[in-house]
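So the sequences go chain by chain: A and B.
Take the first sequence: its position 220, counted from the start at 1, is 220 in the working numbering, and no numbers get skipped.
Take the second sequence: its position 74, counted from the start at 1, is 74 in the working numbering, and no numbers get skipped.
Worth double-checking, as some hints may not be accurate.
Since copy identity is lost for identical chains, a pair holds within one copy or between any two.
What the hints assert, rightly or not - Using 25 Å as the maximum straight-line C-alpha spacing, the simulated SDA-like pairs for lysine to any residue come out as follows: (1) K22 x V156; (2) K97 x M82; (3) K97 x L153; (4) K25 x K135; (5) K287 x E56; (6) K233 x K287; (7) K97 x F150; (8) K84 x M148; (9) K135 x D16.
I should point out that these hints are in silico values taken from the structure, not numbers from a laboratory.
Number of protein chains: 2
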Amino acid sequence: MKTPESLLESINNYIDSLDYSKEPKGLYEPISYVLSLGGKRIRPLLMLMSANLWKEDVEDLLPAAVGLEVYHNFTLLHDDLMDKADRRRGMLTVHKKWNDNTAILSGDAMLILAYHYFMQVCCEQKEAMINTFSKAALEVCEGQQLDMDFETLSNVTEAEYLRMIRLKTSVLLAAALRIGAEYGEAGEENARLMYDFGINIGLAFQLQDDYLDVYGNPETFGKKIGGDILCNKKTWMLIKCLELADESSKLQLRGWLNRIDFLAEEKIAAVTGIYNAVRVGDLAQEKIEEYYQKGIECLNQVAVPDDRKEGLRLLAEKMLKRNR
Amino acid sequence: MKTPESLLESINNYIDSLDYSKEPKGLYEPISYVLSLGGKRIRPLLMLMSANLWKEDVEDLLPAAVGLEVYHNFTLLHDDLMDKADRRRGMLTVHKKWNDNTAILSGDAMLILAYHYFMQVCCEQKEAMINTFSKAALEVCEGQQLDMDFETLSNVTEAEYLRMIRLKTSVLLAAALRIGAEYGEAGEENARLMYDFGINIGLAFQLQDDYLDVYGNPETFGKKIGGDILCNKKTWMLIKCLELADESSKLQLRGWLNRIDFLAEEKIAAVTGIYNAVRVGDLAQEKIEEYYQKGIECLNQVAVPDDRKEGLRLLAEKMLKRNR
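Bound-form chain A, shown alone:
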């Protein structure tokens, strides 16, 4: 079995070897820029680690793994444009560094390139793998649409929110794991379990992100604490708090949501105070734990010797920052 470190090195070497110094520069430079910004390469790593459960040699799967990473970076590029985000991984986003049209067109090219890389894999399972990818890719679009729809809805239920993050975040992690299993000829039952492992870990991961926006350590979170609170983002925290708070707290919370003039620190402190009173942080932790356990349970049922799954277990823990 390969170590995650060596797989990650293969992924990064492969990405570094891609030559985007082509004409027209206006199309290819932003692609090169986006891919050079790094990131944890979790999706391709999950794909290779999954395949590695069944096959020793996963080198041939690298193009698909990188295709998935290119796809993921394409979604970030277009999402940042749609969300008018200025920065990504501490650097200017493409539409800020260049312009909107560049972000649209270079993103389109990345989506085509993602399929191009997938097509380079040579194996009988390629058809199933690409279909799994396409299904997930379309669902990510659905998730992004729901996320945008939610911005103008006054009421979003917990179930609706969970459906949205399942589509926007979880299915791609799940697809990465399933594609690895398909490549490994693991059989439908194992592929399904790997997919469900990914879905549950993905949900836990996104809820963790929502939680850390309120309760994270400012020094390790990476983003500013309270960002979601300031822009009234309908996170699990807010949705659950609006569901559970008593009338007086609910009124207070709605007051802060409607306020236009406020001091950032004051709003963050006030909303956090209401979250504390409703103990929505504890509830989030329980929910995260629930999904995490469900995910691990799926992984446990996968029919390969237990010690082979240790790497994926550790990666899931790391993603959920349980090793703080």
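Place chain B on chain A using the hints.
This is chain B only, laid out in the frame that chain A set:
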């Protein structure tokens, strides 16, 4: 052999049968809208007619033909957004009817769907067909980038312009024909000839479009005459005129390009007058004829009985409005 009319009917029936009445509506309604606007379905028709040169039954190729049409409509959707165009086929463009983010995201979904439809074809040649599609799809992005680059360049040569329209327009027509030949197991030489037929007809087609913007019949052209002149679009007409005009005409032409305040009719008449003096219209006609003949020559060399190629010959004529 199938008649073009019956192939077109199959294409339209297939498109009509696609169900986009799915959730989220914000994602799928614009796709349904774009595909319902019609269009001549030339690309899927070329693909099926090409395949039909070698295979009687081309029904199984329909998903790929429709995939190519979905891809083409995706490019129109994103191009209209980038060009800030208000109307397409007499109807509001997606970013006007909805908004920019909808145009971005629904377009992305269409690109994924294009691959999804391609993947539904069941044949050994699928891999080659999809690779031909991906290569063309990426080149269309390159062409669109060059087209946008040209807007801010003061000098574009004829060669640069021809390269741009080859990428932006011709390669997709060429790919349609080549994919049909690949499906038909026509062999590499025939596939190449069909591709080159498409490239040359595509170049003639785009030059015809440039020509008709100046000299077209307002009642049959579909767009307003002089649109390219008004927005200083670097068409073949303008580029060639700047190359060939004497110093005094060139100065006059540059004067009109730099003028900010003008009456539309006056500018169109003045620029057309300079085009007339340089006889750039006649030169365009010669160039169109040259590419058309080159294309037909490629088609003639394709190793199938001559009478089978009559439909494609007639379609090429029709595209170039030579049957006026």
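Structure versus earlier hints - violations, ascending order: Failing hint: just 5.
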